[in-house]
Amino acid sequence: MAAEQAKIDPMHQFTIEPLFGSADWELAGVNIAFTNSALWMAIAAFALWAFVVGGMKRQVVPGRWQMAVESATGFIDDMLAANVGKAGRKYVPYIFSLFMFILFANLLGLLPLGVVGLHPFTFTSHFTVTGVLAILSFSIVLIVGFARHGLHFFSLFVPHGTPWPMIPVIAPIEFISFMVRPFSLALRLFVAMMAGHVLLEVLSSFVISGINAGPVYGVLIAIPSLALMVGIVALEVLVSAIQAYVFALLTSLYINDAENLH
Amino acid sequence: MEPEAAKLLGAGLAAIGAGLASIGVGNVFAKYLEGALRNPGAADGQQGRLFIGFAGAELLGLLAFVIAALLIFT
Chain A
1 MAAEQAKIDP
11 MHQFTIEPLF
21 GSADWELAGV
31 NIAFTNSALW
41 MAIAAFALWA
51 FVVGGMKRQV
61 VPGRWQMAVE
71 SATGFIDDML
81 AANVGKAGRK
91 YVPYIFSLFM
101 FILFANLLGL
111 LPLGVVGLHP
121 FTFTSHFTVT
131 GVLAILSFSI
141 VLIVGFARHG
151 LHFFSLFVPH
161 GTPWPMIPVI
171 APIEFISFMV
181 RPFSLALRLF
191 VAMMAGHVLL
201 EVLSSFVISG
211 INAGPVYGVL
221 IAIPSLALMV
231 GIVALEVLVS
241 AIQAYVFALL
251 TSLYINDAEN
261 LH
Chain B
1 MEPEAAKLLG
11 AGLAAIGAGL
21 ASIGVGNVFA
31 KYLEGALRNP
41 GAADGQQGRL
51 FIGFAGAELL
61 GLLAFVIAAL
71 LIFT
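Residue numbers (the numbering used here), protein chains in the order written: chain A, 1 to 262; chain B, 1 to 74.
Treat the hints as calculated values from the structure; they're not laboratory data. C-beta: ideal position from N, C-alpha, C; glycine also. Don't take every hint at face value.
To be verified - Using C-beta positions, here's what the derived DEER-type ranges look like:
(1) L70/B with T15/A: 13 to 21 Å
(2) S177/A with K31/B: 19 to 27 Å
(3) Q59/A with G35/B: 35 to 43 Å
(4) I170/A with P40/B: 19 to 27 Å
(5) R49/B with L142/A: 23 to 31 Å
(6) L60/B with M166/A: 32 to 40 Å
(7) S177/A with S22/B: 20 to 28 Å
(8) G54/A with G26/B: 44 to 52 Å
(9) P40/B with P172/A: 38 to 46 Å
Using the sequences plus the hints, can you model the full thing?
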């Protein structure tokens, strides 16, 4: 079949390649070669640093840049104040870094740099990366919860007003829903980013194979696919922001559980 | 049935889950908008809950995608 030849592997874009260093750069049995994933993490961190430093001039009449940074921190501050209350203020640095890092990562991965030959790599489309971020959030919840409430933290598994005969039923369900949190956090971000990029890759393979198959297919398939791609990219920008927001929101809700029980 | 064919059929069936999750996500936003138009003053305060509901509904659709990907690629 002709379609077989032009088949494009939509998963290829997620391969991690060492940029410099090789398989024999090992530290305690773990490969430490500098990969494209690490490069884009560094770029995201650097872009975030540049964004925040540019807004830290502390002018009395803020310029545009300072307003942008202040509205971002204010947004996180409001979110924590609404969800956690007064105790939430000390988590602003963590939630802000988490939110902005994920947001920058998602948006940088969408940059159309492939046109000039650079290939942006969305490291949030890897479960290892999002998993570490989720474990970070989850361990903060555990540490804060046990430090503030001690063993009383286990009352999280018995909601207020539960009739006592129901406790053996409710407690395991609450326990499972608590333990599933890091997985659901990590899985949501990773799958949302991966699904979007696979979709874009599949659509772009339609465009390329459609053009290669001749003018009729080019008009019937390639042009509608290209139009759809433009729309999907806009949707992906929205999804990037929503996923970063949801990650930060859910983390702040879990921190609320740890701070105030419920 | 060959196991390979059954896997691909299963992956296709998992796409039903993704479609149903889209109904769920639509429902979340539709109900929010409905409520927000009735009482615009209370709408802004409930945006956090809107996104919690969205995240819950969306997660189940994404799980369907994970199942499909697992069936195809492993």
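Which numbered hints are broken by the structure, listed smallest first?
-> The structure conflicts with hints 4, 6 and 8, although it agrees with all the remaining ones.
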